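Undergrad: The listed protein sequences correspond, in order, to chains A and B. Under the UniProt record's numbering, the residue at position 124 of the first sequence is numbered 124, and the numbers go up by one with no gaps. Under the UniProt record's numbering, the residue at position 161 of the second sequence is numbered 161, and the numbers go up by one with no gaps.
By construction, these hints were calculated from the structure, which means they are not laboratory data. What you are looking at is a predicted structure, and each value in this text was computed from that prediction instead of being measured. Don't take every hint at face value.
The following label-pair restraints were derived from C-beta to C-beta distances [to be verified]: (1) Arg270/A <-> Ser27/B: 47 to 55 Å; (2) Pro157/B <-> Ser80/A: 19 to 27 Å; (3) Glu217/A <-> Gln69/B: 39 to 47 Å.
We put the CB at the ideal spot given by N, CA and C, even for glycine.
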Amino acid sequence: MSIDNYEELQKFIDLNEHYRTYLDEHNNTRPDGRKFHENRSIQILKKFLQHSYGSSMIRFGNTTVICSITGQLAKPSLKSLRSGFIQTVVLLPRTQAWSTYGRRQQIINENLTLSQHLLDIIYKSKLINLEDLCIEEGKWVWCLQIDFQCLNNDGNLFDSCLLALNVALHHTYFPTVKIDPDTQKPLVYTKELKHFQYNQQQEPLCCTIAVYEYEQEYKYLIDPTLEEENIAKCILHYVLLKNDQICLIHKTSGAPFSIDKFHQCYSFAREYILELRRNLNQ
Amino acid sequence: MTETISQTNENDTSIFSCLHCKLSPISKATGSATFTLNDSLCTCLINGPGELRQQQDAINRLQVDITFQARPGNNNTNSTSTKDKLIEQWLETLVRSTVLMEYYPRSQINIVMYEEQNLSGEATILACLCNTLCLTMLDANLPMKYAFAAVPIVQHPTKGLLSLPKTKDELASTSYFVFVFEITLNDILATHASGDFDMKILEQAISIAQPIARQIFQFYRQELEKRLT
């Protein structure tokens, strides 16, 4: 991070002070030029990885996330003979420069919590039914590996990972597997690809809101950058399904909220996610 | 104080039969508490403001180090799963926002939480952990901005919204809410709500949870009074 001019120096010493002076001079705009409720430009790239069954790359401004879906054959557990397995892993390779933004352990913890959030959303919104992953009951099931590589973290990883997941699932093709009746071994036909069946009705998408306190009232920053996430008093995640039902609300501690603030954030989240869905369906 | 207790006489026994607490079970720690909520039991201990290890970077505020250990043997491995990490991170934000961190520059506190028993699902254990954490911080006499209490609420498919649910009800429920209330304004500090619901149900859940949070604060007061007499 270069410290060339006065602004960069101020950001390095005290990020909070820098934000406060910026908001004092220009009201209703954030340092990167957006209004409080505006999101960054979104770029979507589908099906670009050769060896995975499904893949996508999402860019929210500078945040870049690659989602890749692969599958492995496995024996089902004795508890439920028809269900497959799903494993979500969020990785942050060393393409990040984190000399100023916390230690590696903190960032690893963030990724673990993000992996767990995504797995919870998949189960709770019934996006992928575990029974769909069954090949032959009691013998072979698919173990779905969903990997997220965050090439550049500029805040708001949750939204980008969830959007990447939706885009990747839409274009996932699995090879057909037949069980050889003589040897009972699975035969994988890699050229006969069929579209992955998942619950396309639910499209869980997330809206991350960073709550910043300025002049005794709360400003809601939608789609926060990494700096905004660091200075925020608390962070809210709203995950909405296609019919505007809420799948997950996760609010970290820091700013006490009353019921009407939840309603306000819900309306922001709804508009933002409507935008996202329009982008998704293009 | 006595007037509030006599007003809620009918509900008194029902709430207080779900909650049990023991303060300072671990005498060597700065503060510790064991808390029971229905069928979940948690212990938490705090080792008070002490020296900072060299690599940490807390220059002008307290460094908080939370470890959460789930019941070993529930999952197949011994290491902390991602679910436990999620709980750890959430509780860390709770501690950071309640403790007055500027009072202890260049020091660190270590908080260790153990889940000893959890027969029901996620809502009860989350709420139990939050309440244990608050009681431990009160026991350790850490300067806090406010005390907090967590209330679990589940949405049962036939019985509707239930607060402080019993194990059978919780395992059959579709969505759950955990609200952390603070003592002064009854505002919500933190939430974790998961399932399939809309804002009306959320509002109903908050309105059910508020009086129960008040009773949990009463319970805290009773326990601390017992300790000081």
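Undergrad: Next step is simple, just say for each hint if it's right about the structure.
TA: Hint-by-hint comparison with the structure:
Evaluation of the 47 to 55 Å hint for Arg270/A and Ser27/B yields a pass: the beta carbon distance comes to about 52 Å. For the pair Pro157/B and Ser80/A, the supplied restraint of 19 to 27 Å holds, since their beta-carbon distance comes to about 21 Å. At about 40 Å, the beta-carbon gap between Glu217/A and Gln69/B stays in the expected band of 39 to 47 Å.
Taken one by one, the earlier hints all hold for this structure without exception.
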